Amino acid sequence: MQRKMKGTYDILPSESSRWQAVERAIRRVSKIYNYKEIRTPIFEQSELFHRSVGEDTDIVSKETYDFKDRGDRDNTLRPEGTAGVVRSVIENKLYAADIPVQKLYYMGPMFRYERPQKGRYRQFHQFGAEAFGSNSPLLDAEMISYAVSVLKSLKLKEVTVKINSLGDSQSKEDYKIALLNYLEPNVKHLCKDCQTRYKTNPLRILDCKVDKGSLVLKEAPKPLDYLTKESQEHFDNLVKYLDQMDIAYTIDKALVRGLDYYTHTVFEVDANVSSLGAQKTLCGGGRYNNLVNDLDGPDIPAVGFAFGIERLLLALESIDYKGDAEYIHLFMMILGDDQKEDAAKMIQRCRLGGLYVDTDFLDRSMKSKFNQAESHNARFVAIYGANEKEANTINIKDQESGIQETIETDQLYTYIMTKLMEPSSKCETCEDDDCDDCS
RNA sequence: GCGGUAGUGGCGAAGUGGUUAACGCAUCGGAUUGUGGCUCCGACACUCGUGGGUUCAAUUCCCAUCUAUCGCCCCA
Numbered sequence: 001m002q003r004k005m006k007g008t009y010d011i012l013p014s015e016s017s018r019w020q021a022v023e024r025a026i027r028r029v030s031k032i033y034n035y036k037e038i039r040t041p042i043f044e045q046s047e048l049f050h051r052s053v054g055e056d057t058d059i060v061s062k063e064t065y066d067f068k069d070r071g072d073r074d075n076t077l078r079p080e081g082t083a084g085v086v087r088s089v090i091e092n093k094l095y096a097a098d099i100p101v102q103k104l105y106y107m108g109p110m111f112r113y114e115r116p117q118k119g120r121y122r123q124f125h126q127f128g129a130e131a132f133g134s135n136s137p138l139l140d141a142e143m144i145s146y147a148v149s150v151l152k153s154l155k156l157k158e159v160t161v162k163i164n165s166l167g168d169s170q171s172k173e174d175y176k177i178a179l180l181n182y183l184e185p186n187v188k189h190l191c192k193d194c195q196t197r198y199k200t201n202p203l204r205i206l207d208c209k210v211d212k213g214s215l216v217l218k219e220a221p222k223p224l225d226y227l228t229k230e231s232q233e234h235f236d237n238l239v240k241y242l243d244q245m246d247i248a249y250t251i252d253k254a255l256v257r258g259l260d261y262y263t264h265t266v267f268e269v270d271a272n273v274s275s276l277g278a279q280k281t282l283c284g285g286g287r288y289n290n291l292v293n294d295l296d297g298p299d300i301p302a303v304g305f306a307f308g309i310e311r312l313l314l315a316l317e318s319i320d321y322k323g324d325a326e327y328i329h330l331f332m333m334i335l336g337d338d339q340k341e342d343a344a345k346m347i348q349r350c351r352l353g354g355l356y357v358d359t360d361f362l363d364r365s366m367k368s369k370f371n372q373a374e375s376h377n378a379r380f381v382a383i384y385g386a387n388e389k390e391a392n393t394i395n396i397k398d399q400e401s402g403i404q405e406t407i408e409t410d411q412l413y414t415y416i417m418t419k420l421m422e423p424s425s426k427c428e429t430c431e432d433d434d435c436d437d438c439s
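If you use the numbering used here, the first sequence corresponds to residues 1 to 439, in order.
No lab work stands behind these hints, which were simulated from the structure alone.
Every value quoted in this text rests on a predicted model; they were computed, and no experiment measured them.
A portion of the hints provided could be inaccurate.
[Stated by the list, open to error] Derived DSS-like pairs (lysine-lysine); straight-line CA-CA distance at most 25 Å: (1) Lys389 x Lys367; (2) Lys93 x Lys36; (3) Lys322 x Lys280; (4) Lys222 x Lys199; (5) Lys192 x Lys152; (6) Lys397 x Lys340; (7) Lys218 x Lys280; (8) Lys68 x Lys118; (9) Lys6 x Lys68; (10) Lys419 x Lys389; (11) Lys176 x Lys118; (12) Lys280 x Lys6; (13) Lys253 x Lys157; (14) Lys322 x Lys155; (15) Lys4 x Lys93; (16) Lys340 x Lys389; (17) Lys240 x Lys152; (18) Lys162 x Lys253; (19) Lys176 x Lys218; (20) Lys229 x Lys240; (21) Lys152 x Lys62; (22) Lys188 x Lys222; (23) Lys345 x Lys419; (24) Lys4 x Lys68; (25) Lys280 x Lys345.
[Said to hold, decoys possible] Ranges between beta-carbon positions, derived for each pair: (26) Asp98 x Glu184: 19 to 29 Å; (27) Arg3 x Lys240: 22 to 32 Å; (28) Met245 x Ala344: 49 to 59 Å.
Don't be surprised by glycine CBs; every beta carbon is placed ideally from N, CA and C.
Construct the entire structure; sequences and hints are all you get.
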């Protein structure tokens, strides 16, 4: 049997309504914040990711899906979304468009060659947003609010926002020197990984889980202590705005994030949900004021975030979030071959009118037809056999009320439409958490 | 890349070195030749992830491999 590739999975019909619900929520919130969708290729020149994400990050050094094409070019399946978006903004000169601040979002598959586990796959999906052209902390605050709103719109309440600032290039450089100086006599007390990080990516030592409790790290200098005046101001303003927007956050002085390109604000949103295990970070983001310039674009600042959609869905599972209920309006029950012509005509009429219609294609028993109608969650079942054909009528049963009526065949569509217009006693799309009718 | 656990019908899940591989759910047929959801009866795995080895005999033991899962690393 052919099997799927390691770390990939199929989104089956039973799951897709949940995906659609999440995607719809994302698009709706994006509209509210006035972000426009951008769709970039899922592969790019390998060099793009090396230059943007950072040569020494794990993502680039050991997790990319690389391949050579027939023209001997080096390609990489995108491991994250920002690089491609930045490339596109530069290449299409979106920074020169009549809208001075470009606010973009994307959604789609990403690829990392990793050992799969729950909530982590080789082909996974991200939803992310990027805003270009402003260094205002108001935009940082908007980003964080945007991310939180997506979670709120999905009714996820148990979330924590952590923020920190790395400052501008000057701050980052000052801090790095201070950290290296501080750690130098203590390197041998750090874990093995951190001894490597000391040389390659010292900032990441800060949020090492092994050394977390150690005195060395607790007393280590933090990025916030080395902010330049402007950087400090930026961060102070962000905090003020978040307070005014009534967005709960905690300042995590050890938060540094894994990608090289961040400056100033960095943030993470965690779900406090046991089912996520080690993968509780739903969203990570921050400001990257130098990346556009580093990739040969103009010197314009930017800020963004990315969500892992699989993790979002996992978190939703724990709050028992369901996608939209699947249903059809009509299940046409055809009894006897001689009735199929008329039935085909009636089905077509209803579908042209926009009704969701299905029927039994296996000539199974009436019992089975009812069972099929039930599993399709049909509101109405229409029964058409020899007797009805004779009388030019059709029996139609409302599965919700159990009431069955006999009507003229040419009244079928109108009958269903009329019934659907009547207010339902059921509370189907209730938005109110405290509604007594919802169970 | 490293370490632990697991792999039996569509799903869940027993089981054993020896020849009919329990059971539950789902599905299908019938009782009820045109009104389902309850009940009863019946059907449903040339086969126990894949490949190889040990053995007279392997689903069971051994090795490899694949996949899943948990943790590490890292990240979303």
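Verification of the hints:
no., hint, verdict
1, Lys389 x Lys367, "holds, 21 Å"
2, Lys93 x Lys36, "holds, 16 Å"
3, Lys322 x Lys280, "holds, 20 Å"
4, Lys222 x Lys199, "holds, 18 Å"
5, Lys192 x Lys152, "violated, 40 Å"
6, Lys397 x Lys340, "holds, 19 Å"
7, Lys218 x Lys280, "holds, 23 Å"
8, Lys68 x Lys118, "violated, 30 Å"
9, Lys6 x Lys68, "holds, 21 Å"
10, Lys419 x Lys389, "holds, 23 Å"
11, Lys176 x Lys118, "violated, 35 Å"
12, Lys280 x Lys6, "holds, 22 Å"
13, Lys253 x Lys157, "holds, 24 Å"
14, Lys322 x Lys155, "holds, 11 Å"
15, Lys4 x Lys93, "violated, 40 Å"
16, Lys340 x Lys389, "holds, 11 Å"
17, Lys240 x Lys152, "holds, 21 Å"
18, Lys162 x Lys253, "holds, 9 Å"
19, Lys176 x Lys218, "holds, 16 Å"
20, Lys229 x Lys240, "holds, 16 Å"
21, Lys152 x Lys62, "violated, 35 Å"
22, Lys188 x Lys222, "holds, 20 Å"
23, Lys345 x Lys419, "holds, 21 Å"
24, Lys4 x Lys68, "holds, 22 Å"
25, Lys280 x Lys345, "violated, 53 Å"
26, Asp98 x Glu184: 19 to 29 Å, "violated, 52 Å"
27, Arg3 x Lys240: 22 to 32 Å, "violated, 54 Å"
28, Met245 x Ala344: 49 to 59 Å, "holds, 57 Å"
Violation of the numbered hints given earlier is confined to hints 5, 8, 11, 15, 21, 25, 26, 27; the remaining hints are satisfied by the structure.
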